[in-house]
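J.: Spelled out from the first residue to the last, the chains are:
Protein chains: 2
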Amino acid sequence: MGKKGEDTRTRILDTAQDMILGNGYAGVSIDKLISRLGMTKGAFFHHFKSKGDLATALITRFADDGVELFKESLARARKFSSDPLQQLIILIGQYEEIFENLEDPYPGCLLASYVYELQQFSEETREIINREFLLSRKELTGLFREIMKKYPPRIDVDIKSLADGFMSLFEGAFVLSKSLQEADVTYQQLQHYKTYIRLLFDPKLAA
Amino acid sequence: MGKKGEDTRTRILDTAQDMILGNGYAGVSIDKLISRLGMTKGAFFHHFKSKGDLATALITRFADDGVELFKESLARARKFSSDPLQQLIILIGQYEEIFENLEDPYPGCLLASYVYELQQFSEETREIINREFLLSRKELTGLFREIMKKYPPRIDVDIKSLADGFMSLFEGAFVLSKSLQEADVTYQQLQHYKTYIRLLFDPKLAA
DNA sequence: ATTTAAACATACCAAATGGTACGTTTAGCA
DNA sequence: TGCTAAACGTACCATTTGGTATGTTTAAAT
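Taken in sequence, the protein lines are chains F and E. Counted the way the working numbering counts, the first sequence spans residues 41 to 247. Counted the way the working numbering counts, the second sequence spans residues 41 to 247.
It cannot be assumed that every hint is accurate.
Which copy is meant is left open, because identical chains are indistinguishable; a pair holds if it fits in one copy or across any two.
For lysine-lysine, the following DSBU-like pairs were computed, each having C-alpha atoms within a straight-line distance of at most 30 Å [claimed, not checked]: (1) K81 to K91; (2) K44 to K119; (3) K244 to K190; (4) K91 to K72; (5) K72 to K43; (6) K72 to K44.
Hints in this document: simulated from the structure, not taken from any laboratory. Nothing here was measured: the structure is a model prediction, and the numbers come from that model.
Construct the complete structure from the given sequences, taking the supplied hints into account.
T.: Laid out in structure tokens, this is it:
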């Protein structure tokens, strides 16, 4: 595929994602999509063999990007410190950087959008979505295990669900942010998550 | 409206809500809805003058129920204790009761479903949704203010976003629960929220 | 300069969509 | 019992839907 074709494909994906996050997958017809793209049906079906093909390409890209961001952030955190608690704090901080000083509310998470329309998609789609949730659960649970070994928690907590809380945080914050049209919700919830972690494990707070 | 008509209307609302939480609003056609209801188009349009009318009736009912549950839970909590921190703990506990020992993952929140299709709805719809978010924000912020007066927090936190965290918790947990098909996600996140609150304010944890 | 395949446009189709007009049945009340 | 309005069924319609068949243009390699 040539460069121009690849660009067009990306443009379709970007516009489709933007529209889906505001209308849902079923709420975005191909006609409306190509109309906003200033493109014809022939062009669209040259790049995607069906609407379902677009759906799969979209969620795959979104999930892969999310996983990549998570892995990179974790790797960077591991470079900056050898202490597991500091690594987690740094990891959260990197997400804080992304969501602080946003002008507009975050457009939302495509995973969540799909989850509320899951019966429209194949089982494969659910697996693609779960792959991201389960990966962060696994990585964060491992990190929490290290933290727990070094820093006994003030209150005993389940670390798997503590890890889930991180992903859950975004999904929840995005919903509130979108509806209330407040851009800082996600950043604030990240701060609370960080505070919770520090209260649980950080010995410096003993004073 | 007679009793039978009212029953039918409720049946339509219940079935529509169930289908929308799995397919999205645009993903549920009237044909599919009445097919699952074993009902004809004439019957449906006797009770709702349009699909949008159904949408409004649904979100209004859902939001009102949510507000009512919240107000009742808060009122009950205020009866059981005069201490604001205990009131909040009791309030959370009542939601824990709802979400513990669930057999199936919670079907989801209609507010969130609508939020990811907001462009399909009127501005009124957004206001109905925001009403619930803003009410719980207001009530909880007030409660946190009382708590803070009596129990100085271990770490200084923003109480408005701390209140938002409660609503956000559900929205996030529902997404994970639906996708992973795990019924206990919401209950676990409620426990973490409670733990966070206690770590912030509960003086008994000073030991 | 010619070929070739990717990139896109045009015109069309069967099915599904939300909605309406109008007919029939049912339940309660005078 | 007869009347009336609510409750529901049938048949139909214009539009939109996802998708296809068949073109034309563009860009790069031979």
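J.: Hints first: check each against the structure and report whether it holds.
T.: These are the hints, each one checked on the structure:
1. K81 to K91: both (11 Å within a copy, 28 Å between copies)
2. K44 to K119: Answer is neither; intra-copy 38 Å and inter-copy 67 Å both fail.
3. K244 to K190: both (13 Å within a copy, 24 Å between copies)
4. K91 to K72: both (13 Å within a copy, 20 Å between copies)
5. K72 to K43: Close inside one copy (25 Å), not across copies (43 Å); limit 30 Å.
6. K72 to K44: within (22 Å within a copy, 41 Å between copies)
The structure is inconsistent with hint 2 alone, although it conforms to all the rest.
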